[in-house]
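This is what each chain is made of:
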Amino acid sequence: MEKLFEWIVNHDEISLLCCPSFLLHKQIKQLGIDCQSINYDINFKDMPSIICKDFVFDNVKLKSTVFHYNCEKTYPVGKMHQGIFILRGDDKYHNGDCNPITSCEKLIEDNNLTEVFDQYISKSKNKKYNQYLVYGTNI
Amino acid sequence: MSNIKINCLKWGTLYGSEYVNRTYGGLLKHCKEPFHFVCYTDDPKDISSKIEVRDIQELRPYDTKKVFTYEKLILIDKDEYEKNLWLDLDLLIHQDITDIITRPHKNITFIWNYWNNYERISLFNYGKGVSCHTNSSFVAWDKGTASWLLDYTHKNWEKIEWTYKSLDKYLFYQHHRNGRINLWEEGIFSNFNKQGYQLKNKISLFNTSHLYNNKNMKDVKHYELHESTAAELWKSYSNGL
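So the protein sequences, as listed, match chains V and Y. Quick note: the first sequence uses numbering that gives the first Met the number 0, first residue 0, plus one each step. Quick note: the second sequence uses numbering that gives the first Met the number 0, first residue 0, plus one each step.
Some hints here could point you the wrong way.
Stated by the list, open to error - EDC-like mimics (lysine to aspartate or glutamate), calculated; alpha carbons at most 16 Å apart, straight line:
no.: 1; chain 1: Y; residue 1: 158; chain 2: V; residue 2: 5
no.: 2; chain 1: Y; residue 1: 127; chain 2: V; residue 2: 40
no.: 3; chain 1: V; residue 1: 44; chain 2: Y; residue 2: 118
no.: 4; chain 1: Y; residue 1: 127; chain 2: V; residue 2: 90
no.: 5; chain 1: Y; residue 1: 154; chain 2: V; residue 2: 57
no.: 6; chain 1: V; residue 1: 78; chain 2: Y; residue 2: 157
no.: 7; chain 1: Y; residue 1: 127; chain 2: V; residue 2: 96
no.: 8; chain 1: Y; residue 1: 164; chain 2: V; residue 2: 96
no.: 9; chain 1: Y; residue 1: 71; chain 2: Y; residue 2: 185
no.: 10; chain 1: Y; residue 1: 158; chain 2: V; residue 2: 57
no.: 11; chain 1: Y; residue 1: 158; chain 2: V; residue 2: 90
no.: 12; chain 1: V; residue 1: 78; chain 2: Y; residue 2: 160
no.: 13; chain 1: V; residue 1: 124; chain 2: V; residue 2: 109
no.: 14; chain 1: Y; residue 1: 65; chain 2: V; residue 2: 96
no.: 15; chain 1: V; residue 1: 127; chain 2: V; residue 2: 104
I should point out that these hints are in silico values taken from the structure, not numbers from a laboratory.
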C-alpha cells in the first residue's frame with residue numbers, strides 16, 4: 000500500500016475504480032486529492048460518496064489520473080481512456096475474475112501503456128497469490 | 000400461417016434429438032395456438048420432420064468460447080414472426096402456456112430466479128462479479144421489440160466478450176442492472192432441482208449446465224430431465240412425432 004501512496008500523492012485528482020474499501024477512498028481524500036470512487040456494485044447505489052456505475056459500459060467521465068483497484072475484474076480501462084494510470088490486479092483466479100493479472104507486463108499490454116514510471120509485485124497477506132502494481136501512462 | 004415462431008438450439012452431445020422432439024411435443028400439448036418450431040443445430044439426425052432444422056453456424060457471427068449461449072441473441076431480428084420465443088431444451092412444460100406466449104411482449108422478457116435468495120446470493124456477491132439472477136431459458140418478444148438488445152450487443156461486443164463467461168451474466172450485470180429487460184412474473188417457472196424435485200408452476204427448469212464446473216455445487220444432486228421423476232411425462236411428449 001505504501002508504494003501506491005507514493006504514486007497517488009503525485010496527483011490532484013483521481014478516479015478510483017472498483018475499490019470496495021471506504022477507508023482507502025477516505026485516505027486519498029484526506030490527502031487533499033479530488034477523488035471520485037466509481038463502482039459497478041449496486042450495493043453502493045444510494046451512497047452519496049460513490050458513483051454507482053460500470054465505467055466500462057456506462058457513460059462515465061474519468062479524471063486525468065485513474066487508479067484501478069481490481070483490474071482482474073474488468074475490461075482494461077486503458078483501452079477506453081487516455082491518461083495516467085495506477086493499476087492493481089491479482090492472479091487469485093477468483094470465479095468472478097474475467098481477466099486474471101499474471102504479471103506487470105500484462106497490465107502494461109492490456110492498457111496500452113506507452114511509458115511505465117514504476118512497477119511492483121507483492122504477495123497477498125495469506126501468501127496465496129500475487130498482486131501486480133503498475134504506474135504509467137498511455138498518453 | 001402461424002404468427003408465432005419458437006426457436007431452440009442444440010449443439011454438442013449433452014442433449015440428444017429426443018430433447019428437441021419432446022420440447023416440441025410439450026409445446027404442442029400445452030400451447031393452443033399454432034406455432035412454427037425451429038431448431039438450430041450442428042446435428043439434425045433424428046429430429047422430427049415437423050421441425051424446421053437450421054445450421055447453428057447461422058447464429059455464430061463471433062468465433063468465441065466466452066459468453067456461453069450468446070447465439071440466442073442472434074435470433075433477434077432474424078426472420079421474426081409477430082411473436083418470437085427461444086427456449087432451452089432442459090425444461091419441461093407441464094401446464095397450459097398459451098397465455099404467456101400470446102400475451103403482448105413489448106420488450107424482451109427473461110426469467111428471474113425466484114427460487115434463489117436474491118439478497119443473500121446475488122446482491123451480497125455482486126461486486127465480486129459472480130452473481131447471476133436472470134435466466135435465458137425461456138424468452139419471448141414481439142417483432143422488433145428486442146432490436147435494441149442485438150444492437151447493443153454488436154456495438155459492445157469486444158467488451159462483452161472480454162467480461163462475461165455467459166449470456167445470463169451479461170444480461171444480469173448490464174441489462175437488468177439498468178432496468179432494460181422485462182421479467183416473467185412469479186408463478187410461471189420453477190426449478191426442479193432447487194424446489195424439492197417436484198413439478199411446480201407451468202414450466203420446470205432443470206438448469207444444470209452451469210453446475211459442471213462449480214465446485215460449490217458438487218454435493219447437491221441435480222437431475223437431468225431424462226433421469227428425473229418427470230422423465231415419463233417428458234417421454235410421453237414424443238408420442239405421435
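Restraint status (C-alpha distance of residue 154 (chain Y) to residue 57 (chain V) at most 16 Å): Distance ~13 Å between residue 154 (chain Y) and residue 57 (chain V) Cα, so the pair holds.
Hint consistency between residue 78 (chain V) and residue 160 (chain Y) [alpha-carbon to alpha-carbon, up to 16 Å]: holds, 14 Å
Would the pair residue 158 (chain Y) and residue 5 (chain V) pass a check requiring their Cα atoms to be no farther apart than 16 Å? Cα-Cα ~32 Å, so violated.
Between residue 71 (chain Y) and residue 185 (chain Y), is the straight-line Cα distance small enough, at 16 Å or below? Violated, at roughly 23 Å.
Between residue 164 (chain Y) and residue 96 (chain V), is the straight-line Cα distance small enough, at 16 Å or below? holds, 10 Å
Given the proposed pairing of residue 127 (chain Y) with residue 40 (chain V), does the C-alpha separation stay at or below 16 Å? Distance of about 8 Å is within 16 Å: holds.
With the threshold set at 16 Å, check whether the alpha-carbon distance from residue 124 (chain V) to residue 109 (chain V) stays at or below it. Not satisfied, since the Cα-Cα distance of roughly 26 Å exceeds 16 Å.
Take a quick look at whether residue 78 (chain V) and residue 157 (chain Y) sit within 16 Å of each other, Cα to Cα. It holds: about 11 Å lies between the C-alpha atoms, which stays within 16 Å.
Would the hint linking residue 44 (chain V) and residue 118 (chain Y) be met if the CA-CA limit is 16 Å? holds, 15 Å
Given hint residue 104 (chain V) paired with residue 127 (chain V) - CA-CA distance at most 16 Å: The hint is violated at about 20 Å.
Given the proposed pairing of residue 127 (chain Y) with residue 90 (chain V), does the C-alpha separation stay at or below 16 Å? Given that 16 Å is the threshold and the Cα spacing comes to 14 Å, the pair holds.
Holds or violated: residue 127 (chain Y) to residue 96 (chain V), with C-alpha atoms at most 16 Å apart: holds, 8 Å
Checked against the numbered hints above, the structure violates hints 1, 9, 11, 13 and 15; every other hint is satisfied.
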